[in-house]
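2 protein chains.
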Amino acid sequence: MGHAIRTIMKTPLRIGVAGLGTVGASLLRLLAQRRAALGLVAGRPIDVVAVSARDRTRDRGVDLSGYTWFDDPVALAREAEVDCVVELIGGSDGPAKATVEAALARGVHVVTANKALLAAHGMDLAVEAERRGAALAFEAAVAGGIPVIKTVRESLVGNEITQIAGILNGTCNYILSRMEQDNLSFEKCLAEAQKLGYAEADPTFDVDGHDTAHKLAILASLAFGGRIDADAVRVEGIRSIKQIDIRMANRLGYRIKLLGVAVRTADGVEQRVCPTMVEKTQPLARVMGVTNAVNIDANAVGELTLVGPGAGGDATASSVIADIVDIAQAGSRGPVFAAPAGDLQHMERAPVKDHPGGYYVRVNLLDKPGAAASVVSRMAEAGISLESIVQRRSPKAAERDPTGRSGAKVPVILITYDTTEDAVRGALQKAVADGFVGSSPQVIRIERN
Amino acid sequence: MGHAIRTIMKTPLRIGVAGLGTVGASLLRLLAQRRAALGLVAGRPIDVVAVSARDRTRDRGVDLSGYTWFDDPVALAREAEVDCVVELIGGSDGPAKATVEAALARGVHVVTANKALLAAHGMDLAVEAERRGAALAFEAAVAGGIPVIKTVRESLVGNEITQIAGILNGTCNYILSRMEQDNLSFEKCLAEAQKLGYAEADPTFDVDGHDTAHKLAILASLAFGGRIDADAVRVEGIRSIKQIDIRMANRLGYRIKLLGVAVRTADGVEQRVCPTMVEKTQPLARVMGVTNAVNIDANAVGELTLVGPGAGGDATASSVIADIVDIAQAGSRGPVFAAPAGDLQHMERAPVKDHPGGYYVRVNLLDKPGAAASVVSRMAEAGISLESIVQRRSPKAAERDPTGRSGAKVPVILITYDTTEDAVRGALQKAVADGFVGSSPQVIRIERN
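Note that the protein sequences, when read in sequence, are chains H and S. Okay, so the first sequence: first residue is 1 according to my numbering, each after it adds one. Okay, so the second sequence: first residue is 1 according to my numbering, each after it adds one.
Calculated from the structure, these hints are not laboratory results. Accuracy of the hints is not assured; some may be wrong.
Below 35 Å or equal to it, Euclidean Cα-Cα: the simulated DSBU-like pairs (lysine-lysine) are [said to hold, decoys possible]:
(1) 242(S) x 368(S)
(2) 195(H) x 280(S)
(3) 188(H) x 10(H)
(4) 353(H) x 430(H)
(5) 242(H) x 280(S)
(6) 280(H) x 280(S)
(7) 409(S) x 353(S)
(8) 10(S) x 10(H)
(9) 188(S) x 280(H)
(10) 409(S) x 188(H)
(11) 242(S) x 188(S)
(12) 368(S) x 409(S)
(13) 242(S) x 195(S)
(14) 242(S) x 10(S)
(15) 368(H) x 409(H)
(16) 280(H) x 242(S)
(17) 195(S) x 280(S)
(18) 195(H) x 10(H)
(19) 195(S) x 280(H)
(20) 280(S) x 353(S)
(21) 409(H) x 242(H)
(22) 409(S) x 430(S)
(23) 195(H) x 280(H)
(24) 10(S) x 188(S)
For clarity, every value in this text was computed on a predicted model and none was experimentally measured.
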């Protein structure tokens, strides 16, 4: 009773929520459930006063009658009597961008879960937020319920961060985990992910690595103190991963993960998203299913690993609420990224260097004399040494063609020593032109520790 | 240049550091190294102006000439012209407590790494801090460089936390890891830990579980919103763990970890620190050496795991700096614990319940007829069902005494089904009294998932 009276006497933080999908519905429910506790911590009540979504009539399992309804989220951002707009619309442009801009233009704080928006326009929005004295908070935009933004932005402020590596897309990690655990093809696992709601009808954004790249670009900016540069991320998705790659990785002591990695070197920053063979003993190799994980190397703490849910309504709403309470306590606190946005510089792209773990290469090789020699000599010409060559003819193929002279193709696995991906791809291109190797060879980076 | 001018024009946050051991020296070095970046994020310069330690002449690898020296930390807290005192003295009472009290008494913010102080006096200090409008920040007090306080206090504010389980003492985890990896006794591993500086000359505080208990009590207060109650923690250390326990755990698919666990139930809060068999597939089982880890179950995010360095000068200083920058940005922000300290209630202790994982029991059994029957019937009397009984006579013992009738003692392992630790210990006490069982049987909780 004492609390309630004290809390009510303070000015509430008035919230407008734009977008009432899964996360929006979770947010309204959790804010109502935790109202008293949040009021105590925030020092003032947190009151949702306005909402906006496309369809007013849809049943979201929450009572919307107490909130002012806006058909247009931009109108909400422009007109509603709110101190903070929560943008949960999604998409890099269109109404999401217009909503955030409208809120910032009148100095209203913004909380967003929108990585695409930040990856494309984060710098401009941050400049505007800082100019208006408004907060632009986005814990929910990267790794869902894992507090990685707060960790990098606040907890590691005393550190020079040297590397961030993460499993940042639950859809991809679910598919790769299922492929390994249940011996299924990429296509089957994708279909299952879609059925379970882990993947969109159009899965391009997730499985081709773009979602991971957006999140990585945001993390890299925060960690290294430069402008967000999503175009600098080298992106490769998981569509080309086959069962044989999963099985071979397993035999070699690795697990294939879609990693987003940003590394600071003396010559610049490298940002890449690609399927990677991670040693099974490493923490990231053990993260299975839709779970996300982020591994941070920093000079003072050494290594820090955070593991948790990368998506889901409640988990994402949990991060949104953390941002809201921070704003309720202290408004806009510190620059949006690592330094005032207008002062952030372009990050130099690190030049391509030999990767000390080498590469896993799978080619479909014409099963006849001279074929293997051709690939190996193309590799040698490019200065690439091979650690091993494994030719795996299936028992069926061996039965059909005991002499191996039919001209059928067989998968051959090459493991290289230290080299660059460019060198490997260049050599493979020549081998394909030689006519001994099928098109689209598979190249996967190996991380050894 | 632009930054520098802008920053210098703002009022600096003036810091006094009390205690210049490993963490203090790291703190001074890191604050100097990161001065420009910290000023940008904090929006004002962070200036150490005063220091205090016992020995002014000791070489700490940092230049102290720019700071006002105080022989007495309490004098620093009382008289130095500072906005924030960092207490790195240690100990639950004495100069550490007097220093923090003196700082708070005049409304000066406090950052501390002192878990013993908080476990004993955290509630009183929080009341005083909140009354004076001063911050009392303590990220460094629990799990060193892992941002677990910020995560529980800020990131999970929208959640109801149901359980926190952690490896919170690097010394114990180092010893248990070495015992497993190198087949060494507890005593040998402790000696090595002392040689490497991982354990104190008097290791009681660490190896008997008290350090873990202090950290757990602080986490439980934050997570469950009750008063810190270190006396409520059931504490057992790792001195009694023998090689045979490590090997048997391994064979059963577990690893022995000293866990601190706080669980919220409908009937109250259970807090315990004890050696625990954790399934090897679980994240906490994989944390080896001096590394710490915390696993949090919460209703909105589900499960979150943080892994990182639990000690070390730089890692701990990293957490101190995060607290300092928070204070520089927004002073005291929100209550010290989950709600205003004066309003926090005593947490009910959860009544003892059957533990669904059962227990591992090792007894030294007199190697003669009737001995095993006696133990088993004492267990049965107490309503305890046994999943398995394994008697492991060493090959040497079998050679010396092929009939097994010499009256020598042999280790026998019992695995129970669901039961309480009290029931197990009661039955064992009777079995000891029967004369068939050696004193001090080993009882280890098994966690199955």
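Compare the structure with the hints numbered earlier in the document and write down the numbers of the violated ones, lowest to highest. 3, 10, 14, 18 and 24
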